[in-house]
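Trainee: What follows is each chain in one-letter form.
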Amino acid sequence: MEAARILDAKGLACPMPIVRTKKAINELASGDVLEIYATDKGAKNDLAAWAKSGGHELIKHEEENGVLKFWIKKG
Amino acid sequence: MTVKVMTSKQVTKKVFNKEKLFILDVRNESDFNDWKIEGENFDYLNIPYFELLDGVEGILDKLPAGKEILVVCAKEGSSVMVAEMLSEEGLTVSYLQGGMKAWSEHLEPVKVGELTDGGEIYQFVRIGKGCLSYMVVSNGEAAIIDATRMTDIYVDFAKEIGAQITHVFDTHLHADHISGGRVIAENTGATYWLPPKDATEVTFEYSPLEGGNVVTFGNTAIDIHALYSPGHTIGSTSFVVDGKFLLSGDILFIDSIGRPDLAGMAEDWVADLRESLYSRYRELSEELVVLPAHFMIIDELNDDGSVSEKLGTLFAKNHGLNIEDENEFRKLVTENLPPQPNAYQEIRQTNMGKISPDEEKQREMEIGPNRCAVR
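Order-wise, the sequence lines are chains A and B. This note's numbering puts the first residue of the first sequence at 1, with every later residue one more than the last. This note's numbering puts the first residue of the second sequence at 1001, with every later residue one more than the last.
The reader is advised that the hints may include incorrect statements.
[Said to hold, decoys possible] Keeping only pairs whose Cα atoms sit at most 25 Å apart, straight-line, the calculated SDA-like set for lysine to any residue is: (1) K41(A) x T1007(B); (2) K1075(B) x T39(A); (3) K44(A) x S1356(B); (4) K73(A) x E1029(B).
[Stated by the list, open to error] Partial chain A-side listing against chain B, Cβ under 8 Å, derived: (5) C14; (6) V19; (7) K22; (8) K41; (9) G42; (10) D46; (11) A49.
[Stated by the list, open to error] DEER-style ranges, computed between Cβ atoms: (12) S1087(B) x A29(A): 34 to 44 Å; (13) E64(A) x T1092(B): 39 to 49 Å; (14) G1058(B) x E64(A): 32 to 42 Å; (15) D32(A) x T1203(B): 50 to 60 Å; (16) H61(A) x A1316(B): 45 to 55 Å; (17) A3(A) x T1203(B): 43 to 53 Å; (18) A3(A) x S1030(B): 23 to 33 Å; (19) K60(A) x E1057(B): 29 to 39 Å; (20) V1214(B) x E64(A): 46 to 56 Å; (21) K44(A) x G1058(B): 22 to 32 Å; (22) L1321(B) x K10(A): 50 to 60 Å; (23) R5(A) x D1303(B): 53 to 63 Å.
Just so you know, these hints were derived from the structure itself, not from any lab. Backbone N, C-alpha and C fix where the C-beta goes; we use that ideal spot for every residue, glycine too.
Hey, can you work out the whole structure from these sequences and the hints?
Mentor: What follows is the structure, encoded as structure tokens:
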């Protein structure tokens, strides 16, 4: 899966990971994938819920050495 | 308009005093549905902060005029953002300092009784999570029972009232919260007591607390009688303090009883739980004031915020103590149980000393409501 853009939100506390994600998604075209790195544990549930309510698709998420990684496809 | 800060202590006072408060909870829907700030006269609106990034105009008509509004989120950041947006729209609102994280960790000490020699017993109400712990004070000495991991609060409280902590007890190996007992004992030189049957796998030294033990402290004798009362865990022990108070641990609550399944042994321990509740407790004086290790719902709080009731009243009113049929009792405590507490296996292992997660991880493990009871 090819990400159109990578957003590094590591070290940022809520609400910033989502604020940045929203901004980044706005700049993408429908169907593009945004790859996000975050360390705020709350991002997991919040990004999933945000993507759903915004009509985007959370394709995949994984955790690696304390870094949460998400791939969101713009709806 | 200004944005104000409200502390967990101030919110706790509103819960105790049954005041009105409108809570705008900006966490995601599932977190809100799982666990929130409970108050008898609190009203709620749950709109996730990420739906308000473009503005709060859409929710203004859902916010009551003339009512105190508190914005709440997980850790504070998002509630500050939303509170500031509301303030720009001309509203005066507060946000909860430290968010639900701080709410989960807040302890409110309430004096629940006096001992015959002039000492006293304090209940530490962990209002956000429903955990209750105790400090018994007698002639400059203090004993702590079922301490939470916020150990500074007990140590500072004891210092403030001029008491030295000499004994620390856990009524059982907890599965819903991380015990602060061992840390307090290590830092104060106090003796740490644990029921040996719950402690077969612990990695540290402790003093075995067994049924029939009498621990005396203070200059005048304040006896703590340990009463073996298995069922929630195999080692669960209750205490009778000063012949007046029954600290019932996670065996008996005000409006519910302990659940036997958190160590994976529900079927095995049903009989023990029944024996403890229907035989051993029956032999005790009905005048004893029951002080449990949890409350489940906010209705169980007395007017001063404490949680206590006479044993005789519980025999009459607590549904779990009034089930004649043993099969029906078995069903109640093994079927349709509430979900198990968040991370309860990891919490048990932490309390055994097998794993040592950092503070942030401990906090996360304890997130959510208390679920140690069945009704």
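Trainee: Please go over all the hints and tell whether each is borne out by the structure.
Mentor: Comparing the hints with the structure gives:
1. Of the supplied pair hints, the one linking K41(A) and T1007(B) holds, its CA atoms being roughly 23 Å apart against a limit of 25 Å.
2. With a C-alpha separation of about 14 Å, the suggested pairing of K1075(B) with T39(A) holds against the 25 Å cut-off.
3. A threshold of 25 Å between alpha carbons decides the hint, and for K44(A) with S1356(B) the separation of about 24 Å falls inside it, so the pair holds.
4. A threshold of 25 Å between alpha carbons decides the hint, and for K73(A) with E1029(B) the separation of about 22 Å falls inside it, so the pair holds.
5. The beta carbon of C14(A) is positioned within 8 Å of a beta carbon in chain B (closest approach about 5 Å), and the interface hint is therefore held.
6. Against a cut-off of 8 Å between C-beta atoms, the interface hint on V19(A) holds, since the closest Cβ of chain B lies about 6 Å away.
7. The restraint placing K22(A) at the interface with chain B holds, with a minimum CB-CB distance near 6 Å, inside the 8 Å limit.
8. With its C-beta approaching chain B no nearer than about 6 Å, K41(A) sits inside the 8 Å limit, and its interface hint holds.
9. This hint holds: G42(A) has a C-beta 5 Å from the nearest C-beta of chain B, less than the 8 Å allowed.
10. For the restraint placing D46(A) at the interface with chain B, the shortest Cβ-Cβ distance is roughly 5 Å, inside the 8 Å limit, so the hint holds.
11. Annotation: A49(A) was flagged as interfacial toward chain B, and the flag holds, the nearest CB pair being 4 Å apart, inside 8 Å.
12. The beta-carbon spacing between S1087(B) and A29(A), approximately 36 Å, falls within the hinted interval of 34 to 44 Å.
13. With their beta carbons about 44 Å apart, E64(A) and T1092(B) fall inside the hinted range of 39 to 49 Å.
14. At roughly 37 Å, the beta-carbon separation of G1058(B) and E64(A) lies within the given 32 to 42 Å, and the hint holds.
15. The given range of 50 to 60 Å is respected by D32(A) and T1203(B), whose C-beta atoms sit roughly 51 Å from each other.
16. Checked against the hint of 45 to 55 Å, the C-beta distance between H61(A) and A1316(B) comes to roughly 52 Å, which is consistent with it.
17. Separated by about 45 Å at the C-beta atoms, A3(A) and T1203(B) satisfy the suggested range of 43 to 53 Å.
18. The hint said 23 to 33 Å for the Cβ distance between A3(A) and S1030(B), and at roughly 27 Å that hint holds.
19. Checking the proposed 29 to 39 Å range against K60(A) and E1057(B) shows it holds: the Cβ atoms sit about 35 Å from each other.
20. Hint check: V1214(B) to E64(A), Cβ distance near 54 Å, so the stated range 46 to 56 Å holds.
21. A C-beta distance of roughly 26 Å is found between K44(A) and G1058(B), which places it inside the suggested range of 22 to 32 Å.
22. Distance hint for L1321(B) and K10(A): a CB-CB separation of about 53 Å, consistent with the stated range 50 to 60 Å.
23. At roughly 57 Å, the beta carbons of R5(A) and D1303(B) sit within the given window of 53 to 63 Å.
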